Amino acid sequence: MTKKILLVLVLVFSILSIILIAVWGTLPDQPNHIQVESLIIDSYDETNDDGDKFKNVANIVTEQQNIYTIEYVVNPGNANLDIGVSSTSTGVNLQVDMADNKVHVLFSMEAIGAKETITIQIKDKNTQISDEITLWFKTSDVIIVPDI
Amino acid sequence: MFERIKILTLMQLSNKSRLYVKGSKRVYVHIAIRTAIIIALTVIVSLLLHVLKNILFIPVNEFLMIFILIMTQGLNIIVSTIGLVSDLYHSKDNQILFSLAAKNDEIFFSKIMVTYVNEFVRNLFILIPIFVGFGVISNLGILYYISLIFLIFLLPIISVGISSFISMPFASFLNYIKRHNLLSAILSLIVILGLFYLTTLLVQQIPTPIRIVQLYNRFVVSITIAIQRIAQYGSIYTVIGKMLFNYHYLRNLLILVGTVLGLIAINYLVSKPVYFRLMSTSQENTVRKKDKKYKPVEATSLFITFLKKEFTIARRSLNELLSNYALLLTLPFFMFVLNYIYMGMNRSSFGNQVVLIMNVIITLLIATGSNTASATAITTEGYEFVLLKTAPYNTSRMAWAKITFNFVFTTLMIALSFFLFSKALPVFPKQDIWLLFLFVIFVNSGHILWSFQIDLLTPKLSDYASTGSIANNHNVSRSLSTGLFLAFFFGAMAIIAFIFIKEFGWTLMLLLSAVFLAYRFHTFNSYLNAYFDDIEY
Numbered sequence: 001m002t003k004k005i006l007l008v009l010v011l012v013f014s015i016l017s018i019i020l021i022a023v024w025g026t027l028p029d030q031p032n033h034i035q036v037e038s039l040i041i042d043s044y045d046e047t048n049d050d051g052d053k054f055k056n057v058a059n060i061v062t063e064q065q066n067i068y069t070i071e072y073v074v075n076p077g078n079a080n081l082d083i084g085v086s087s088t089s090t091g092v093n094l095q096v097d098m099a100d101n102k103v104h105v106l107f108s109m110e111a112i113g114a115k116e117t118i119t120i121q122i123k124d125k126n127t128q129i130s131d132e133i134t135l136w137f138k139t140s141d142v143i144i145v146p147d148i
Numbered sequence: 001m002f003e004r005i006k007i008l009t010l011m012q013l014s015n016k017s018r019l020y021v022k023g024s025k026r027v028y029v030h031i032a033i034r035t036a037i038i039i040a041l042t043v044i045v046s047l048l049l050h051v052l053k054n055i056l057f058i059p060v061n062e063f064l065m066i067f068i069l070i071m072t073q074g075l076n077i078i079v080s081t082i083g084l085v086s087d088l089y090h091s092k093d094n095q096i097l098f099s100l101a102a103k104n105d106e107i108f109f110s111k112i113m114v115t116y117v118n119e120f121v122r123n124l125f126i127l128i129p130i131f132v133g134f135g136v137i138s139n140l141g142i143l144y145y146i147s148l149i150f151l152i153f154l155l156p157i158i159s160v161g162i163s164s165f166i167s168m169p170f171a172s173f174l175n176y177i178k179r180h181n182l183l184s185a186i187l188s189l190i191v192i193l194g195l196f197y198l199t200t201l202l203v204q205q206i207p208t209p210i211r212i213v214q215l216y217n218r219f220v221v222s223i224t225i226a227i228q229r230i231a232q233y234g235s236i237y238t239v240i241g242k243m244l245f246n247y248h249y250l251r252n253l254l255i256l257v258g259t260v261l262g263l264i265a266i267n268y269l270v271s272k273p274v275y276f277r278l279m280s281t282s283q284e285n286t287v288r289k290k291d292k293k294y295k296p297v298e299a300t301s302l303f304i305t306f307l308k309k310e311f312t313i314a315r316r317s318l319n320e321l322l323s324n325y326a327l328l329l330t331l332p333f334f335m336f337v338l339n340y341i342y343m344g345m346n347r348s349s350f351g352n353q354v355v356l357i358m359n360v361i362i363t364l365l366i367a368t369g370s371n372t373a374s375a376t377a378i379t380t381e382g383y384e385f386v387l388l389k390t391a392p393y394n395t396s397r398m399a400w401a402k403i404t405f406n407f408v409f410t411t412l413m414i415a416l417s418f419f420l421f422s423k424a425l426p427v428f429p430k431q432d433i434w435l436l437f438l439f440v441i442f443v444n445s446g447h448i449l450w451s452f453q454i455d456l457l458t459p460k461l462s463d464y465a466s467t468g469s470i471a472n473n474h475n476v477s478r479s480l481s482t483g484l485f486l487a488f489f490f491g492a493m494a495i496i497a498f499i500f501i502k503e504f505g506w507t508l509m510l511l512l513s514a515v516f517l518a519y520r521f522h523t524f525n526s527y528l529n530a531y532f533d534d535i536e537y
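For the protein sequence lines, the chains are A and B, in the order given. Numbering-wise, the first sequence is residues 1 to 148 according to our numbering. Numbering-wise, the second sequence is residues 1 to 537 according to our numbering.
Source of the hints: derived by calculation from the structure; they are not laboratory data. Hints are supplied without guarantee of correctness; some may be wrong.
[To be verified] Capping the alpha-carbon separation at 30 Å, the derived lysine-lysine pairs in DSS-like fashion look like this:
(1) A:3 with A:55
(2) B:389 with A:125
(3) B:308 with B:389
(4) B:53 with A:55
(5) B:53 with A:102
Owing to the predicted nature of the structure, the values given are computational and were not obtained by experimental measurement.
Sequences are here, hints too, so could you generate the full structure?
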């Protein structure tokens, strides 16, 4: 028996104790069947004629800062959610923080270098209610032209 | 100059490395085994990166590469700094090297070269698997693999260069606090409290009520975001990561080469006037001005004399003190983190009982694992024990002095842990906290007596006198085993006490621990009176 083995034992017991209490020592969760009525992305700069939301990330996402965080609002607040996210580009990785209603968009260097325009969709899989936003690196004198 | 540095380096390397006869086949076996290990590690790292990318959905990109570089090289810098402080300033071979016909800065650079070679070999086992794994997973081109060859040689120069530069102020600081014991104690306390405060801040980020699935989601997201953000602050390692992923390749390569040359130059320029002076004042036998006001104080009793000796030894050998009690320093961290998670869950009454039982087991495991000083108390006297016994006094009081020191130190640490725990987690029932404290103190005191008894009956005086080390000491292992037994025994008792007879749960636990302490006290005292005089070298 050595101190290293003892430390490993303490760590193992710590993890086991958390699992033990989580599995057998907690009260059952109250089932929540409240459905989502709306899921909205609030933070955007402009919309086109079709109502698509646009956010200029040119000064937010840089070589040094490759993360942009999208916040979404769900109504009612205690609704039963099953969030899924998708993007139109492979140059980003999406991380959903379900506790804080946030989606972190992690840009790759390649995507930043190419100034890719990326549309992110956030959807509640239970109700299929969704909203989407397009992140783009706006250059001066660019006008959004609606799809005809 | 270069020839002398080469000879000095080879001399030191031959002392520290395994040598083979020229042309021996064992050299090839040695290389083949190391190569096989590197290949196996590369396969493992590639699989791990695959899991990160395709199962945990953590992006395997340049930012992850930079993060891994920061972590591995940061660890290398810490290890090298500690090693260099010892090798450059406290090593016993300095007395031989400085008597040779070589300049101070040549000795300095020869020692740096020895560290570089060790760092280079260590890096082969870390960097090749990581870099090749990344290349395979990210489908990187030929330029990436060509850059790797340069980096394998350049990265150790950066870490050793930074370490040797840091080691100079670090060695001065160590010399200063060695002469100021009170400052050293205050700093240690501040560091522990600071770490505890940081742990508190970090743990409080966990949203309550805790749901394990949600906690897992938060954990993975936080880790991913942290990896991406930390990568921005990697300075030279951010440059290397971007260069490897072909981002402004030439500009980043020039910055890398400039940094390496700059580090070599700055080490040369700073070490030239500093190294010899710092080395000569870092030795244990350095002559310093005596404090004229100091007058030795005569102790009033034999017990106090032995107790003072214990405190003096502890002050002089801080490393040994730390290795004996390091586990105990983790107690407040374990208690706080675990109980924060327990309290964060929506527990049933059975959950509350399990919380108490787990606290009993884990606290006892850590507390009893820190009584190894008592299990080697007589052994570490070594050859001096014979001289001690020739004194015309009742020298068995030495045993009580040693036990008192162990008891005072562990009790203070356990009390500090419980105090921080009660302050940091006010939702935990106060009554349970302080009853658990009393229980742990009883069992731990009994275990101190038990550990000392083990050493009293089978001291390894001659082993310690010849080796000067307590590594692989059988008494330490027995002390830890008895502690493990006690944790499980009282854990089983806690199941009975807190689940089956809840009303008298704490009464039973305290009664059992008090009986255990009384029994251990009685047996220890009997063995001490019967066997102490018979202990022989």
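Checklist entry - Of the hints stated earlier, which fail here? => result Hints 1, 2 contradicted; others consistent.
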